[in-house]
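Undergrad: Heads up: the sequence lines are chains A and B, in that order. When you line the first sequence up against my numbering, it's residues 141 to 359, in that order. When you line the second sequence up against my numbering, it's residues 141 to 359, in that order.
No lab work stands behind these hints: they were computed from the structure. Incorrect hints may have been included.
For chains that are exact copies, the list does not tell them apart, and a pair is met inside one copy or across any two.
Straight-line distance between alpha carbons at most 30 Å, and here's what the computed DSSO-like set of lysine-lysine pairs gives [as the list claims (entries may be wrong)]: (1) Lys346 to Lys247; (2) Lys181 to Lys312; (3) Lys168 to Lys262; (4) Lys296 to Lys145; (5) Lys181 to Lys346; (6) Lys247 to Lys213; (7) Lys262 to Lys145; (8) Lys181 to Lys262.
There are 2 protein chains.
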Amino acid sequence: MHRNKNISAPVIKRLPRYYRFLGELRDKGVIRISSRELSDKMGFTASQIRQDLNCFGGFGQQGYGYPVESLYKEIGHILGLDHTYNAILIGAGNLGKAVAMHMSFEKRGFRLTAIFDNDPEKVGTVIRDISVSDLDSLEQFCLENKTDAAIFCVPKGAAHEIADRLYRAGVKNFWNFSHYDLSVHYDDIIVENVHLNDSLMILCYKISDANYFPDDTSA
Amino acid sequence: MHRNKNISAPVIKRLPRYYRFLGELRDKGVIRISSRELSDKMGFTASQIRQDLNCFGGFGQQGYGYPVESLYKEIGHILGLDHTYNAILIGAGNLGKAVAMHMSFEKRGFRLTAIFDNDPEKVGTVIRDISVSDLDSLEQFCLENKTDAAIFCVPKGAAHEIADRLYRAGVKNFWNFSHYDLSVHYDDIIVENVHLNDSLMILCYKISDANYFPDDTSA
DNA sequence: TTCTATTTGTTAATTTTTTGTCATAGTATT
DNA sequence: AATACTATGACAAAAAATTAACAAATAGAA
């Protein structure tokens with residue numbers, strides 16, 4: 141098995157991309173693909189693709205390439221998508237709601253089991269067949285229901301306190317949408333960050349950078 | 141000026157994080173900070189912080205450290221946040237709406253100028269003071285209004301066609317939320333991706349990886 | 001069956017990124 | 001004003017990641 145080989149972060153980040161492209165090929169009925177063909181489609185080098193896949197095992201065949209269907213499944217397995225982790229959503233604001241509605245959790249290894257908010261207006265409303273609970277009942281819920289991860293869609297001001305409560309309730313895996321660096325405050329947690337602000341600022345940088353010409357005399 | 145020095149992607153990705161932490165320090169009234177103090181707070185090495193900042197100029201002073209306020213402003217300037225790029229939102233579904241509601245575009249160098257959707261039900265509804273337009277009017281709008289970037293919140297099936305229309309209408313900068321690799325199809329565009337599916341799968345990997353013990357005989 | 005074409009898995013080379021080191025400049029104190 | 005201390009900026013070293021190269025294995029054609 142591949143685990144505990146300490147796969148590097150760059151490789152892991154590319155796995156979902158492989159998964160996506162292989163899924164598309166499979167849907168098109170493609171049976172096999174070579175690293176070079178994949179390279180053309182994905183924009184990675186063929187060498188990198190072979191190197192990446194070989195972190196987990198030899199899935200290809202010399203002179204033939206990689207079998208699409210089984211490689212697709214294999215990567216899904218490596219990613220752990222055949223698990224079903226219970227996840228709770230914290231924060232039923234615009235973003236939290238959108239994330240809950242938008243994601244096919246079941247296809248990504250998760251199941252949404254509860255939604256919490258501290259706004260009385262939102263408590264009781266229904267999102268995706270789940271009734272929003274009062275944040276006060278968080279600890280009780282975690283005590284009674286196995287909870288593997290939290291989808292953390294909380295405003296910055298509330299982030300610290302609520303993160304603390306989750307941590308004490310034993311929730312130590314986070315999909316973090318808040319503008320708050322969870323990993324700085326706890327060292328035995330797993331965090332995957334989605335920092336939309338950061339992402340937008342990076343776009344701003346890229347555009348500004350591309351539009352800058354040192355010898356531009358216009359305007 | 142710093143531009144066209146070809147700053148590496150890892151450095152650029154860290155800039156928003158610096159910006160965030162320096163903003164917090166400034167709000168707390170902190171006047172100066174050394175790379176080592178920042179290092180403790182942020183979890184980067186002091187050496188890396190000094191190295192990163194020096195890509196853009198010598199903002200510190202020996203024996204003193206970095207002045208928080210001016211460094212904060214400087215990084216904002218480097219990121220291009222003092223621009224005001226006009227951005228349109230394509231796709232007023234759950235996610236698009238949430239992104240529109242949730243972001244302080246003005247603080248990140250952008251201004252939201254229009255929202256488009258092809259669903260007649262959504263056309264005419266108002267999001268953040270902006271009335272949703274029919275996608276049919278996209279080209280006309282771009283012709284009449286300077287449009288610097290598109291926030292691309294479109295389902296996968298529609299992505300290719302709509303991306304094409306935007307490209308032909310001259311929109312070549314994308315904040316891409318779709319499950320579609322824009323950069324593979326066009327080579328003169330700027331794309332910043334937010335692939336939520338990928339992110340969730342990476343979380344799944346991390347959890348699965350941490351929970352795997354080779355000599356686990358349980359279950 | 002034999003031969004040529006491919007294409008992998010692996011090792012090596014290169015490039016990039018991160019970390020460590022230190023002389024030098026500037027601060028703060030006496 | 002002199003001195004001890006601090007912390008940068010620059011450079012060097014180390015580590016990590018990407019790309020290149022190639023021997024070995026297999027497919028497919030003749």
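Undergrad: Hint by hint, note whether the structure agrees.
TA: For each hint, the structure was consulted:
1. Lys346 to Lys247: Between copies only: 16 Å across chains, 33 Å inside a chain, cut-off 30 Å.
2. Lys181 to Lys312: Only across copies: Lys181 and Lys312 sit 21 Å apart there, 37 Å inside one copy, limit 30 Å.
3. Lys168 to Lys262: neither (43 Å within a copy, 32 Å between copies)
4. Lys296 to Lys145: Neither: 36 Å inside a chain and 34 Å across chains, both beyond 30 Å.
5. Lys181 to Lys346: both (24 Å within a copy, 27 Å between copies)
6. Lys247 to Lys213: within (12 Å within a copy, 43 Å between copies)
7. Lys262 to Lys145: Close neither inside one copy (45 Å) nor across copies (49 Å); limit 30 Å.
8. Lys181 to Lys262: neither (45 Å within a copy, 35 Å between copies)
In the structure shown, a violation is registered for the earlier hints numbered 3, 4, 7, 8, in ascending order.
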